[in-house]
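Chemist: Letter by letter, the sequence shown follows residues 1 to 555 of full-length UniProt numbering.
Possibly wrong hints are sitting among the right ones.
[What the hints assert, rightly or not] Straight-line distance between alpha carbons at most 20 Å, and here's what the computed DMTMM-like set of lysine to aspartate or glutamate pairs gives:
#1 Lys267 - Glu448
#2 Lys381 - Glu81
#3 Lys68 - Glu81
#4 Lys348 - Asp324
#5 Lys68 - Glu173
#6 Lys404 - Asp386
#7 Lys381 - Asp125
#8 Lys145 - Asp386
#9 Lys263 - Asp386
#10 Lys348 - Glu173
#11 Lys245 - Glu304
#12 Lys233 - Glu191
#13 Lys245 - Asp275
#14 Lys269 - Asp254
If you are wondering where the hints come from, they were derived from the structure by calculation, not from laboratory data.
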Amino acid sequence: MVPLQLVGSLRKELADSLSTCRVLVVGAGGIGCELLKNVVLTGFKNIEVIDLDVIDVSNLNRQFLFQKKHVGKSKAQVAKESVLQFCPTANITAYHDSIMNELLLNLIFLAAARNHVNRMCLAADIPLIESGTAGYLGQVTVIKKGLTECYECQPKPTQKTFPGCTIRNTPSEPIHCIVWAKYLFNQLFGEEDADQEVSPDTADPELSWNPADTEARATASDQDGDIKRVSTKDWARSTGYDPVKLFNKLFKDDIRYLLTMDKLWKKRKAPLPLDWLEVTGTGLKDQQVLGVAGYCQLFSRSVETLRSMLADKGDGAELVWDKDDPPAMDFVTAAANLRMYIFSMNMKSRFDIKSMAGNIIPAIATTNAVIAGLIVLEALKILSGDVEHCRTIFLNKQPNPRKKLLVPCALDPPSANCYVCASKPEVTVKLNVHKTLVLALQDKILKEKFGMVAPDVQIEDGKGTILISSEEGETEGMRQSQNIIRLSQRRSVEDCILHSTVMGLHLKYLYCSNNIMTFFRIVEMHVFCKTALVFCKTALVFCATRESCGRGRYM
1 MVPLQLVGSL RKELADSLST CRVLVVGAGG IGCELLKNVV LTGFKNIEVI DLDVIDVSNL
61 NRQFLFQKKH VGKSKAQVAK ESVLQFCPTA NITAYHDSIM NELLLNLIFL AAARNHVNRM
121 CLAADIPLIE SGTAGYLGQV TVIKKGLTEC YECQPKPTQK TFPGCTIRNT PSEPIHCIVW
181 AKYLFNQLFG EEDADQEVSP DTADPELSWN PADTEARATA SDQDGDIKRV STKDWARSTG
241 YDPVKLFNKL FKDDIRYLLT MDKLWKKRKA PLPLDWLEVT GTGLKDQQVL GVAGYCQLFS
301 RSVETLRSML ADKGDGAELV WDKDDPPAMD FVTAAANLRM YIFSMNMKSR FDIKSMAGNI
361 IPAIATTNAV IAGLIVLEAL KILSGDVEHC RTIFLNKQPN PRKKLLVPCA LDPPSANCYV
421 CASKPEVTVK LNVHKTLVLA LQDKILKEKF GMVAPDVQIE DGKGTILISS EEGETEGMRQ
481 SQNIIRLSQR RSVEDCILHS TVMGLHLKYL YCSNNIMTFF RIVEMHVFCK TALVFCKTAL
541 VFCATRESCG RGRYM
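Work out the full structure, taking the sequences as your base and the hints as a guide.
Modeler: Structure, rendered in structure tokens:
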């Protein structure tokens, strides 16, 4: 009997596989820091890590590869340098970039990044270990083309943690404004938290592709990275919590400052600053009676009430936000809706805001550590050739009836209805081409609904007329504001190629009653993307982008 050869705690064959295997770690944040430490100590030698974010002081309580002196620097680069200090033999390549590369401005959000990684791995037939955390809950699952369901097979729960730069600079959904308003409440009346900064974020990674430039914006001291911040609460106290001064600072001055960050608004609608006198004096014609002017008055009344409550508690007192406390709820409702208006979103009712504001989950360092450990265990199964033994593992907040915190479940097969990973991926969408604008087709359907990154639509008319182009400026202007039928009448719209996801799209007309209706059929195709080169030379991909659960199924 041949004795079993071990290298550390691993079989020699497996240890050799680890030392030669190339892995890609997507994200160097809460989970990513723990994961990088785990993979190098397990024996992985060839690692590529990608993250577009820079280090903020609020990251330091849970992202242990970073120190105070690193604030403002690239997460990927600093993570690499920190890991090499305790494992100098590792071969690590760091990318301060978006996983979607050239499409940074439009798609830096969690769902888009995860969908993109999922589709790239399916196209390249590379195993993907997907993970996520939400407070004390977490999960790890393995995605393998043809064997398991992919990330997009199941509907996803609402995201409950968000990038700081999104909250502070570029909110695009009502929940972003609600989170900002809750943070503002704590900054003004409650316990101040560095994780809950509300002022414009000058270290936003979108502002600069040069890490040195981004670092300079974020770092107040070039000696030790010491960030000198003006306390929002101290400033508010110095004004006597004057509602008008608070209003103009938050909704006029800060917004005007954001407008100076012109790179943020090249592909976004710029925010509209509000002035107290203009809003309360004349009202806004495009608003209903209980619109912007009403929320201005509500903001003023709630600030005055909260100021009195704070004074009654004495010097040094703090208020705790509670969705069942009317003044606190009034403040968040008013502040959130005013910010929604500024960023061109439909405002929400008090009821909607209350239900959303009470459902936001913080990040927990220990959860990230547990999940990162589980990721490596699943990776060892894959490299051992035991993919069939891989599991989806759920980390629960409390033990289940069998007294288990970690609950493994068998991997589900691909969904027959998934247009991303099914053997014949296809989906049908019906719309009125007389009323649908080309811009709506591009943004609301192809990008928002189907997660397309850079769609190109070409009309087969013998001239190669382009309806939608991924090249900036090629179809801007008049064509974007026209409806589909005007641009494609008496032509068949067919060849639509998506250059940077795993989707191709074919459009055909079908007459229905008095309207021409368009049917979309989505089929799989090859990938043409700069980041495809990273995937093609990788044997295993770990997705550790943001601290948020991806699938929301808990046992």
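Chemist: Check each numbered hint from earlier against the structure, then list the numbers of those it violates in ascending order.
Modeler: 2, 5, 6 and 9
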